[in-house]
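Enquirer: Residue strings, one per chain:
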Amino acid sequence: MAAKIKDEILHDHNHDGVDRRGFLKCMAWAGTGALCVMQGGVLKSYSLSKLSDLDQSAVAAGELSFVQISDSHMGFNKPANPDVAGTLKAAVDKINALEKAPEFLLHTGDISHLSKPEEFDTVDQILKATRKEVFFVPGEHDVLNDDGAQFHERYGKASKGSGWYSFDKKGVHFVGLVNVMNLKAGGLGTLGHDQLEWLEDDVKHLKSSTPIVVFAHIPLWSVYPEWGWGTEDSAQALAYLKKFGSVTVLNGHIHQTMQKVEGNVTFHTAASTAFPQPQPGKADSPGPMKVPAEQLRSILGITGVNYIRGQHALAVVDSSLA
Amino acid sequence: MRRRVWSLVLGAPVVMAASLLATNSTSFSARAEQTQASSAEVKIDNFSFGPATLTVAVGTTVTWTNRDDIPHTVVSDEKVFKSKVLDTDEKFSFTFTKPGTYAYFCSVHPKMTGKVVVQ
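Residue numbers (my numbering), protein chains in the order written: chain W, 3 to 324; chain B, 24 to 142.
Keep in mind that the hints were calculated from the coordinates and are not lab data.
Each hint should be verified, as a subset may be incorrect.
Label pairs and their computed distance ranges (CB to CB) [what the hints assert, rightly or not]:
| # | chain 1 | residue 1 | chain 2 | residue 2 | range |
| --- | --- | --- | --- | --- | --- |
| 1 | W | Ser210 | B | Thr120 | 57 to 67 Å |
| 2 | B | Lys138 | W | Ala131 | 28 to 38 Å |
| 3 | B | Val103 | W | Asp85 | 53 to 63 Å |
| 4 | B | Lys138 | W | Gly283 | 16 to 26 Å |
| 5 | B | Val81 | W | Asp196 | 32 to 42 Å |
| 6 | W | Asp57 | B | Val103 | 57 to 67 Å |
| 7 | W | Glu101 | B | Lys105 | 22 to 32 Å |
| 8 | W | Lys244 | B | Thr111 | 35 to 45 Å |
| 9 | B | Thr84 | W | Asp123 | 32 to 42 Å |
| 10 | W | Asp85 | B | Thr120 | 39 to 49 Å |
Taking lysine-lysine pairs in the DSS-like style, the calculated list, with each CA pair at most 30 Å apart, reads [unchecked claim]:
| # | chain 1 | residue 1 | chain 2 | residue 2 |
| --- | --- | --- | --- | --- |
| 11 | W | Lys292 | B | Lys134 |
| 12 | B | Lys107 | W | Lys80 |
| 13 | W | Lys162 | B | Lys105 |
| 14 | W | Lys292 | B | Lys114 |
| 15 | B | Lys134 | W | Lys118 |
| 16 | B | Lys138 | B | Lys114 |
| 17 | B | Lys121 | W | Lys118 |
| 18 | B | Lys107 | W | Lys134 |
| 19 | W | Lys162 | B | Lys102 |
| 20 | B | Lys114 | W | Lys159 |
| 21 | B | Lys105 | W | Lys186 |
| 22 | B | Lys107 | W | Lys159 |
| 23 | B | Lys107 | W | Lys118 |
| 24 | W | Lys244 | B | Lys114 |
| 25 | B | Lys121 | W | Lys80 |
| 26 | B | Lys102 | W | Lys118 |
| 27 | W | Lys292 | B | Lys66 |
| 28 | B | Lys105 | W | Lys159 |
| 29 | W | Lys284 | B | Lys102 |
| 30 | B | Lys138 | W | Lys162 |
| 31 | W | Lys292 | B | Lys107 |
| 32 | W | Lys118 | B | Lys105 |
This one's a predicted model, so the numbers in the text were calculated from it and none came from an experiment.
For glycine and all other residues, C-beta sits at the position ideal for the given N, C-alpha and C.
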């Protein structure tokens, strides 16, 4: 991908001893969601877990703010979190507590755990309390057994192909991509030829000064291919976005927050509202991390307190709230 | 009196059914033994198939059991077989009637791959 581009500067406020050399630049355990504020074409994201520390004036100064939530896994009931509805509701409470209401919500997939209708129903019901429009992209858990027919019926009627689409809000171009369909043995997430062609066409006529926000479930950068945490053909997608001065990529799937800067592109992964997963390679498998019940909410509530600042004007991507 | 007559009438088919069962009993047990002799298990644990390569005789029924907290599937690369999504402790079975090497994977987590060699 853009391996030749030098990664940007990192300040580690966690002092947790995690080796951040290479492409993993900063990470921390989960949060309930991220508030994204676009100001001057630059996107900053704040964890919803530390709202009390949030400088509301910074949010008010932004042209546009929205919230990203991810990986609700409704229906999951194992020890890692027997109450995923409760933790999703906690995220909604935090969204509703924002002084300046977000324009809308993005959900970056794994809405359900087993693609059951009642699981989607529950999430829809809980999210209704935000009274905000929600834009979804599917996770692999949302397209089980039916190649995504149900997801499409519920959330993707206005979308193209297996559910990709774009829209504009206050001068920002948002692109929702699907990389969880037709996965091949041994492979990673896939966008596929049709979607890539559509993307090229979708952004072709936009001015290079247009801020771009791309959101998809599986990371569009190689977080940890050994666990399938990456997308085979994401380099092609990013190539179509090269001309833009400000590109932000928002993903879920890995149940922990991470950020990375590559040239004009900043990558974020969001925490899960349901359960944490281990750091790449730090466990035998990427299965749910089990933590004592009394600690779960605090773990889901711990936010990334890292701050990345690059040499480019747009590279302030994640603000410390500590 | 009337009741006794009825019981006699109803009794006839019962006897017939019993005799049918008796004549078939040998073939039933033979079939059961055969199944037992040619079945094999694959455990899905920690995001992997174990054993990753399983060698069996033609006619063997292989049963996959998901021991993970996360759902998985068992899907043949060549579309020979395909399970529904398996939640924790759910099973999927397939009987291999032709020799060959059957590569498969989990379509939810495609890094999980396995192989059944049928001889």
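Enquirer: Hints first: check each against the structure and report whether it holds.
Expert: Against the structure, the hints come out as follows:
1. W:Ser210 <-> B:Thr120: 57 to 67 Å: holds (60 Å)
2. B:Lys138 <-> W:Ala131: 28 to 38 Å: Given range 28 to 38 Å: violated, Cβ gap about 48 Å.
3. B:Val103 <-> W:Asp85: 53 to 63 Å: Since the Cβ atoms of B:Val103 and W:Asp85 sit about 40 Å apart, the hinted range of 53 to 63 Å is violated.
4. B:Lys138 <-> W:Gly283: 16 to 26 Å: holds (25 Å)
5. B:Val81 <-> W:Asp196: 32 to 42 Å: holds (41 Å)
6. W:Asp57 <-> B:Val103: 57 to 67 Å: holds (58 Å)
7. W:Glu101 <-> B:Lys105: 22 to 32 Å: violated (50 Å)
8. W:Lys244 <-> B:Thr111: 35 to 45 Å: holds (44 Å)
9. B:Thr84 <-> W:Asp123: 32 to 42 Å: holds (37 Å)
10. W:Asp85 <-> B:Thr120: 39 to 49 Å: holds (46 Å)
11. W:Lys292 <-> B:Lys134: holds (23 Å)
12. B:Lys107 <-> W:Lys80: OK: B:Lys107 and W:Lys80 at ~20 Å, within 30 Å.
13. W:Lys162 <-> B:Lys105: holds (27 Å)
14. W:Lys292 <-> B:Lys114: Given that 30 Å is the threshold and the Cα spacing comes to 24 Å, the pair holds.
15. B:Lys134 <-> W:Lys118: Holds, at roughly 24 Å.
16. B:Lys138 <-> B:Lys114: holds (17 Å)
17. B:Lys121 <-> W:Lys118: violated (35 Å)
18. B:Lys107 <-> W:Lys134: violated (34 Å)
19. W:Lys162 <-> B:Lys102: Roughly 27 Å between the alpha carbons, so the hint for W:Lys162 and B:Lys102 holds.
20. B:Lys114 <-> W:Lys159: Violated: B:Lys114 and W:Lys159 sit about 34 Å apart, past 30 Å.
21. B:Lys105 <-> W:Lys186: holds (13 Å)
22. B:Lys107 <-> W:Lys159: holds (25 Å)
23. B:Lys107 <-> W:Lys118: holds (13 Å)
24. W:Lys244 <-> B:Lys114: violated (47 Å)
25. B:Lys121 <-> W:Lys80: With a Cα-Cα distance of about 39 Å, the restraint between B:Lys121 and W:Lys80 is violated, given a limit of 30 Å.
26. B:Lys102 <-> W:Lys118: Satisfied, since the Cα-Cα distance of roughly 24 Å is no more than 30 Å.
27. W:Lys292 <-> B:Lys66: Distance of about 21 Å is within 30 Å: holds.
28. B:Lys105 <-> W:Lys159: holds (28 Å)
29. W:Lys284 <-> B:Lys102: With a Cα-Cα distance of about 34 Å, the restraint between W:Lys284 and B:Lys102 is violated, given a limit of 30 Å.
30. B:Lys138 <-> W:Lys162: Violated, at about 36 Å.
31. W:Lys292 <-> B:Lys107: Since the Cα atoms of W:Lys292 and B:Lys107 sit roughly 26 Å apart, the hinted pair holds (cutoff 30 Å).
32. W:Lys118 <-> B:Lys105: holds (19 Å)
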